[in-house]
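Student: Those sequence lines, one after another, are chains A and B. Note that this note's numbering has the first sequence beginning at 229, numbered continuously upward. Note that this note's numbering has the second sequence beginning at 62, numbered continuously upward.
Calculated directly from the structure, the hints in this document are not laboratory data. Among these hints, one or two may not hold up.
The list that follows gives simulated cross-link-like pairs (lysine-lysine, DSS-like), each with its CA atoms no further than 27 Å apart [stated by the list, open to error]:
1. A:Lys673 x B:Lys158
2. A:Lys647 x B:Lys98
3. A:Lys636 x B:Lys148
4. B:Lys119 x A:Lys776
5. A:Lys673 x A:Lys785
6. B:Lys98 x A:Lys785
7. B:Lys148 x A:Lys302
8. A:Lys776 x B:Lys158
Which bits of chain A does chain B cover? Going by a derived footprint, with three or more residues having C-beta under 8 Å, they are [what the hints assert, rightly or not]:
9. 531 to 541
10. 858 to 864
A few chain A positions that, by computed beta-carbon distances, are all more than 12 Å from chain B [claimed, not checked]:
11. Leu257
12. Ser310
13. Asp588
14. Lys615
15. Ala775
16. Lys776
These numbers were taken from a predicted model, which means no experiment stands behind them. No residue lacks a Cβ here, since even glycine has one placed at the ideal position from N, Cα and C.
The lines below spell out each chain.
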Amino acid sequence: MRELAMRFLNGGLSRRGFLKGLMATGFSLAAAQSVVESFRSYAEAQEIPPELLRPFQGEAGELIAECLRAAQVKYIFFCNGSPQGPILDAIVDKPDMNLVIATEEGQAVSMAQGYELASGEVPFVVTQGVGVPRQVTNLLNAWKDRSGMVVMVPRTPLDTHGRDSFEDIDSWLDFVKPVTKWRWDIVKANRIAEHLRHAFKLASTPPRSPVFLSIPDDLLEEKNVRANVVSQDYFTVPVRVKPDPGQVEAAARMIVEAKSPVLIAGHEITRSGATKEMVAFAELLGIAVTRERGLFLDFPSMHPLFLGDFVANMRYPRNLDLIINIGGQFPRMTEAAEEDPLQFLPKGVKIIHARIETEDLARLFPTQFSIVGDVKHTLRDLTAAVKSMLTQERIEAIRRPRLEAAAKFTAMLRESWRKAAQARWNQSPMPWERVVFELDRVMDKDAVVVQEIADNKRTERWIGYGEEGGRTLIGRTTGQCLGWGVGAALGVKLAWPDRQVVSLQGDGGILFGQTEALWTYARYSTPILTVVMNNRSYDGVRRRQFAKQGKQAQLNKDMSAYLGNPDTDFAKIGAAYGIQGSFARDADELQAALKKALQATRDGKPYILDALIERTGPGANLTWHPPFTIAGIRTRRV
Amino acid sequence: MRLLFSLFLFSALVLFPAPGLWSGNHWVSLLPDGDGKQETQQLCGSCHNLQKTVLSRKTAQEWERTVYDMVARGAQIFPDEAEKIIKYLSQNFNSAKPAN
Numbered sequence: 229m230r231e232l233a234m235r236f237l238n239g240g241l242s243r244r245g246f247l248k249g250l251m252a253t254g255f256s257l258a259a260a261q262s263v264v265e266s267f268r269s270y271a272e273a274q275e276i277p278p279e280l281l282r283p284f285q286g287e288a289g290e291l292i293a294e295c296l297r298a299a300q301v302k303y304i305f306f307c308n309g310s311p312q313g314p315i316l317d318a319i320v321d322k323p324d325m326n327l328v329i330a331t332e333e334g335q336a337v338s339m340a341q342g343y344e345l346a347s348g349e350v351p352f353v354v355t356q357g358v359g360v361p362r363q364v365t366n367l368l369n370a371w372k373d374r375s376g377m378v379v380m381v382p383r384t385p386l387d388t389h390g391r392d393s394f395e396d397i398d399s400w401l402d403f404v405k406p407v408t409k410w411r412w413d414i415v416k417a418n419r420i421a422e423h424l425r426h427a428f429k430l431a432s433t434p435p436r437s438p439v440f441l442s443i444p445d446d447l448l449e450e451k452n453v454r455a456n457v458v459s460q461d462y463f464t465v466p467v468r469v470k471p472d473p474g475q476v477e478a479a480a481r482m483i484v485e486a487k488s489p490v491l492i493a494g495h496e497i498t499r500s501g502a503t504k505e506m507v508a509f510a511e512l513l514g515i516a517v518t519r520e521r522g523l524f525l526d527f528p529s530m531h532p533l534f535l536g537d538f539v540a541n542m543r544y545p546r547n548l549d550l551i552i553n554i555g556g557q558f559p560r561m562t563e564a565a566e567e568d569p570l571q572f573l574p575k576g577v578k579i580i581h582a583r584i585e586t587e588d589l590a591r592l593f594p595t596q597f598s599i600v601g602d603v604k605h606t607l608r609d610l611t612a613a614v615k616s617m618l619t620q621e622r623i624e625a626i627r628r629p630r631l632e633a634a635a636k637f638t639a640m641l642r643e644s645w646r647k648a649a650q651a652r653w654n655q656s657p658m659p660w661e662r663v664v665f666e667l668d669r670v671m672d673k674d675a676v677v678v679q680e681i682a683d684n685k686r687t688e689r690w691i692g693y694g695e696e697g698g699r700t701l702i703g704r705t706t707g708q709c710l711g712w713g714v715g716a717a718l719g720v721k722l723a724w725p726d727r728q729v730v731s732l733q734g735d736g737g738i739l740f741g742q743t744e745a746l747w748t749y750a751r752y753s754t755p756i757l758t759v760v761m762n763n764r765s766y767d768g769v770r771r772r773q774f775a776k777q778g779k780q781a782q783l784n785k786d787m788s789a790y791l792g793n794p795d796t797d798f799a800k801i802g803a804a805y806g807i808q809g810s811f812a813r814d815a816d817e818l819q820a821a822l823k824k825a826l827q828a829t830r831d832g833k834p835y836i837l838d839a840l841i842e843r844t845g846p847g848a849n850l851t852w853h854p855p856f857t858i859a860g861i862r863t864r865r866v
Numbered sequence: 062m063r064l065l066f067s068l069f070l071f072s073a074l075v076l077f078p079a080p081g082l083w084s085g086n087h088w089v090s091l092l093p094d095g096d097g098k099q100e101t102q103q104l105c106g107s108c109h110n111l112q113k114t115v116l117s118r119k120t121a122q123e124w125e126r127t128v129y130d131m132v133a134r135g136a137q138i139f140p141d142e143a144e145k146i147i148k149y150l151s152q153n154f155n156s157a158k159p160a161n
């Protein structure tokens, strides 16, 4: 009977044949009909409608375009190179696919990642072999952020490989190996479709990651390629895994019995669309919430239970006995790499860690429960389990005092942040807090902030993020490679065109090769307000170096972090691309500039606001830099 | 003679080591008694060792900036505690006090 069933399901046997075969084995007619009926739905499910599986014969570039259509790709993030002609020829007269051209490969990747973060769709990137090194920094960022994308890179013709040819090395795959889930050299044009399907599948399956394909120019030029184009829906692996019920039950008991638990909110909450479930779970027993140093804000920042960053010595809750990490990494506990992380855990604390990404579970700390599953399911199941263990009265008795204590603590923290900024509030250069405060006053209630600024500038203390229908925070990339935010903001705007997008960037970060992205902003009329928090410094670098009390600190000389002289004018840089902008040195100028800026974006235009902010920390006032000049070493005036 | 010199040098290093060689507890022990010492030790010392604190000499305004900078960077110090710490540091680690 098994063989009959297999042949029927594989399409090698008709219904009548299956029925006859069953009766020949001894089934009655009625019994055989019942069996056939039960198998029929499985057989029909395996039939792919003709419009979703099409034989293809034609040019390689056209095949790639058809595969992208099958994967529902709407945008190709693109950095120019001569061999890409066949792909462009395939889409030039087809308006369903748009190019988003970046003038630098790394920016094409960051734009794609921004699109992926907002839309959840896997973007397609086309650059060029010789441009691979330039895109590795933002591939690293995407990899660290668990963002999926498919990157296709034409390279030199197949027969030239291994000859140290023009614009080629032996293998681009080695370049991208550490920052991709899969990488492949396509060597046969009739396998393009197969490799693309596999790439999109891997890029979209959690934990997501960039996937890289290289294709020789001569394959791209092939004219008579045969393949099947199949809807990517049949090559998608949903990973909405439910957690183990026994583990959930035991973990829930540990949570109920804990005297002083804390939650860590991680990026899988946002990825899974589980913010509501996380809030419900935290509020159930009044458990305070901290965060990993992540890409998103995975818990509403103005919620009374939200403490902000997890710190090694928590003031609240005191005497921590349980850490429940939902969907994130453990926060970096120490700056010193050689320290044993275990010594920073409070004594006797237990850990519950829930993620879909198994590699990170029980990575650094002994973990009582490593719960594998989609965090939305895990949160629902944990909530249900806890409720089943306690009466409503008992829940209230646990929740109420914790909620009150947390609310009091977070209110005092907010007061301390306000007080800390108060003395500097009206000064020029401005404190960063003033810039963020003014932005908060004028941004739309559902605005998106994409930021790449120093980690110590916690904008979520001043802007409420994470409420349903409210504002969203994306950034900073956990890859921490500077050169990400300007491009990423464009990708976010592309995915969410009807939400206001504000890009918060540091001057140091923009100078890491991001001004090129402004060309794309101008070309595609991208209504984004870019605010440059300009302190003419790599403040963090100077702080950390001076903290070690080396010779620079002792002599009060900052060798490298001061970025003034020249005092870069970012509004003028924007003007070079036809983008409006202005410079604000104090709050009055800032308020006026914000009015102009938001009008410009409403008119469909980008805007650059260069906001002068203070430097802080040891050496903040230093403007000295080594007096070396290249003009000064000349012996001839040339 | 050489042996005597080496012994002298060794003793000097033991008695007067470079600042980086002292343990965290040493810097705490150099905090003078007074209102605000406990807050300084517990709230500042929970994040970083107090070497730089003890060795610095700043005006009141500079200490205020420093403490509030720490708060902005994540130190969980409430307003009344911050005022106490600022006052304590200003009184005990200003330019009139010799460096230890």
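Student: Quick one: work out the minimum CB distance from lysine 776 (chain A) to chain B and report holds if it exceeds 12 Å, violated otherwise.
Tutor: 9 Å, violated
Student: Quick one: see if chain B covers the region 531 to 541 of chain A, three-plus residues with Cβ-Cβ under 8 Å.
Tutor: holds (count 5)
Student: Take a quick look at whether lysine 98 (chain B) and lysine 785 (chain A) sit within 27 Å of each other, Cα to Cα.
Tutor: Judged against 27 Å, a Cα distance of about 32 Å means the pair is violated.
Student: Examine each Cβ of chain B, and state whether all of them lie more than 12 Å from the Cβ of alanine 775 (chain A).
Tutor: Label violated. Min Cβ-Cβ 7 Å, cutoff 12 Å.
Student: For the pair supplied as a hint, lysine 119 (chain B) and lysine 776 (chain A), is the alpha-carbon distance within the 27 Å limit?
Tutor: 19 Å, holds
Student: Within 27 Å, alpha carbon to alpha carbon, are lysine 776 (chain A) and lysine 158 (chain B)?
Tutor: Status holds; Cα separation ~23 Å.
Student: Given that the region 858 to 864 of chain A was listed as covered by chain B, double-check it with a C-beta distance under 8 Å for 3 or more residues.
Tutor: violated (count 0)
Student: Between the alpha carbons of lysine 636 (chain A) and lysine 148 (chain B), is the straight-line distance 27 Å or under?
Tutor: 25 Å, holds
Student: For the pair supplied as a hint, lysine 647 (chain A) and lysine 98 (chain B), is the alpha-carbon distance within the 27 Å limit?
Tutor: 21 Å, holds
Student: Please work out if lysine 148 (chain B) and lysine 302 (chain A) have their alpha carbons no farther apart than 27 Å.
Tutor: The given pair, whose Cα atoms are some 61 Å apart, is violated under the 27 Å limit.
Student: Does the alpha-carbon distance linking lysine 673 (chain A) and lysine 158 (chain B) stay inside the 27 Å limit?
Tutor: Violated: lysine 673 (chain A) and lysine 158 (chain B) sit about 52 Å apart, past 27 Å.
Student: Closest CB-CB distance from aspartate 588 (chain A) to chain B, is it above 12 Å?
Tutor: Aspartate 588 (chain A) is indeed farther than 12 Å from all Cβ atoms of chain B, at 24 Å.
Violated hints for the displayed structure, listed by number in ascending order: 1, 5, 6, 7, 10, 15, 16.
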